[in-house]
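Relying on the hints, combine the two individually framed chains into one complex.
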Amino acid sequence: MAQTDTEQPNEFFVIEEPHHGDDHEEHHETGTMLGFWIYLMSDCLIFGILFATYGVLGRNYAAGPAPADLFDIQMILVATFALLFSSITYGFAVLRMEMDDLRGTVFWLIVTVLFGAGFLYLELLEFTHLWHIGATPMASAFLSSFFFLVGTHGLHVLGGSIWLIVLLTQLGLHGLTPENRRRVMCLSLFWHFLDLIWIGVFSLVYLTGVLL
Amino acid sequence: MSDHAKGAGGTFKSYVIGFGLSVVLTLIPFWIVLGDVVDNTAWAVAIIFVLGATQMMVHIHYFLHVTLKVEAGWQVMSLGLTLLLLVIVLAGSIWVMFNLEENMMPAHEQIERVRNLP
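Protein chains in written order, with numbering that gives the first Met the number 0: chain A, 0 to 211; chain B, 0 to 117.
No wet-lab data here; the hints were simulated from the structure.
There could be a bad hint or two in this list.
Quick list of in silico lysine to aspartate or glutamate cross-link-like pairs, DMTMM-like style, CA-CA up to 20 Å [as the list claims (entries may be wrong)]:
hint	chain 1	residue 1	chain 2	residue 2
1	B	K12	A	D99
2	B	K12	A	D100
3	B	K12	A	E97
Derived list of chain A stretches under chain B, where covered just means 3 residues or more per stretch with a C-beta under 8 Å from a C-beta of chain B [as the list claims (entries may be wrong)]:
hint	segment
4	35-46
5	89-99
6	191-198
Every residue gets a Cβ at the ideal spot worked out from N, C-alpha and C, and that includes glycine.
Chain B extracted, bound-state conformation (with noise of 0.2 Å):
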C-alpha cells in the first residue's frame, strides 16, 4: 500500500509546478481569444491547439504521473495504444468527411441539373 503510494509519485513541488504551468497554459488561450491578440484567425486556432496540448502532457506528467517504471511500463503501453487509435479515429475522420464535402455537388446546382434533365 505504501508501496503504491511512493509509485503515485507525487510531491508537493511537483503539483504545484504542474499547478503553475496550467494557470499560464489556460491563460494565453483564453488571452488570445477575449484580448483579440492575434489578427490571422487560422495562426490563433493553431496556437490554441498546441498550448492544449502542450497542457494535456503537464496534466499526464504532473497529476497523473505517467511513466515509464509505473506498472513495469504497462500505463504507458495502454497510454500510447489510446493516443494511435485516437489520432486514426480523428485524423481519420475529419479527414474523410472533409473530402466528402469538397466532392459533393453544391445542393443548388444538383436541383438546377435535375431541372436540366431532358
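So that you can see chain A by itself, here it is in the shape it has in the complex (with noise of 0.2 Å):
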C-alpha cells in the first residue's frame, strides 16, 4: 500500500511533464489565447447587457437633466483619441515585441498607459462635475444606467492599466519569456476589445444622447 501510495504521485508527475517541454509548448498557448478569448466574449455580454438596460432606461430622465444638458461632447471626442492612439500604440509594442525589441516593446507599453491614464483623468473629470451637479446614479433611471455602463468600461480601463503597469515590471525584471509573451497577446486582446465597447458607448450614449 504504501508503496503505490509514493508511486502514483511519482507517475503523475512523469505524465505531465512533457506538457511543460518545448513540444507542447505551442499547443498549450494556443489554448490560453483561446481561453483568453472566450473570457472576452463573456465580458462582451456583460457589456451587451448594459447596452440594453441603458437603451430600455436611457431616456426616463424623472424630470432631471437629460443627455444634451451634461455630455461634453469635446471631450469625449479628446477621450476617444487617447482611447484610439492607445490601441495602435499596444499594436506598436507587439510588432516590436515579434522582432525580439524588448526596448521598444516597453517603450510603446508605456506611451500605451500614459494614453490610458489619461482617458481614465478625462473619465474621472466628467464624472466628479457630474456629481458636483447633482447628476448622481440616484437622480434618475437614466443616470444610473449611465454610471453602470461607463463605470464599467472605467472599470475595465484601470483594470487593463494596473494589469499593464504589472506587466512592465515583469518585463522589466525577465525580459521577453515566452510567459511575458503570451500575457502581452493577452493584454492586447483586452486592450484592443475595450476600445471596441467604447465604440459602442460614445455612439449609443454620448453621440445619440445628445441628439435625442
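Listed below in C-alpha cells is the structure:
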C-alpha cells in the first residue's frame, strides 16, 4: 500500500511533465489564447446587457437632466482619441515584440499606459463634474444606467492599466520570456476589446444621447 | 511561441490602415453632432450607428485579428455565438420594453379612471 502511494504521485508527475516541455509549448499557448478570448466574449455579454439596460432606461429622466444638458462632446472626442491612440501604440508594442526588441516593446507599452491614464483622468473629471452638479446615479433611471455602463467600462480600463504596469515590471525583471510574450498578447486582446466597447459607448450614450 | 505570434497576424501596414479607418470613422459621427450637419435626427442617429458598427468591424479585423483560420475557427465560432446572444438580448429587451410602454395607459388617465369608478 505504502509503495503504491509513493509511486502514484511520481507517475502522475511524469505524465504531466511533457506538457511543460518544448514539444507541447505551442499547443499550450494557443489554449491560453482561446481561453482568454472566450473570457472576453463573456465580458462582451456583460457589456451587451448593460447596453440593453441603457437602451431601455436611457430616456427616463425623472424630470432630471437630459444628456444634452450634461455631456461635453468635445471632451468625449479627446477621450475617444486617447483610447484610439493607445490601441495603435499597443499594436506597435506587439510588432516590436515580434522583432525581439525589448526596449521598443517597453517604450510603446509605456506610451500606451500614458494614453490609458489620460482617458481615465478625463473620465474622472467628467464623473466628478456630474456629481457636483447633482447628476448622481440616484437622480434618475437614465443616470443609474449611464453610470453603470460607463463606470464598468472605466473600471475595465483601470484594471487593464494596472495589468499593464505589472506587465512592465515583469518585462523589466525577466525580459521577453515565452510567458511574458503570452501575457503581452492576452493584454493586447483585452486592450483592443475595451476600445471596441468604447465605440458602442460613444455612439449610443454620448452622440445619440445628445441628438435625441 | 513564434507560432502564435504569427497567428496574431498584424503587420505595421495593417495596424496603420486600421488606425486610419478608425480615425475617419470616429471623426465623421462627432462632426455630424458637433457641426449640426444633418437636419433629420433619425437619419443622423442611423448614420452614427452604421459608422459605429463599421468601426467595430474594422477593430475586429485589424486590431483583434479575428479570421476563420485562427484556432481552427473556434474564435470566429465563439464570436458568432456571442453576437447572436447580444442581438437576442438587445433587440429583445428594447422591443419588449417599447411595446410595454406603448400599451401602458398614461399615469394621469389611470388616475382619472380610478376617480370615476362607481
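Taking the hints in turn, this is what the structure says about them:
For the proposed pair B:K12 and A:D99, the alpha carbon gap of about 19 Å is at most 20 Å, so the pair holds. For a cut-off of 20 Å, the pair hint linking B:K12 to A:D100 stands: about 18 Å separates their Cα positions. Of the supplied pair hints, the one linking B:K12 and A:E97 holds, its CA atoms being roughly 15 Å apart against a limit of 20 Å. Check result for the segment 35-46 of chain A against chain B: holds, 5 residues qualifying (beta carbon to beta carbon below 8 Å, three or more required).
Counting residues of the segment 89-99 of chain A whose beta carbon lies closer than 8 Å to any beta carbon of chain B gives 6, which reaches the threshold of three, so the coverage claim holds. Under a criterion of three residues with beta carbons nearer than 8 Å to beta carbons of chain B, the stated coverage of the segment 191-198 of chain A is upheld, 5 such residues being counted.
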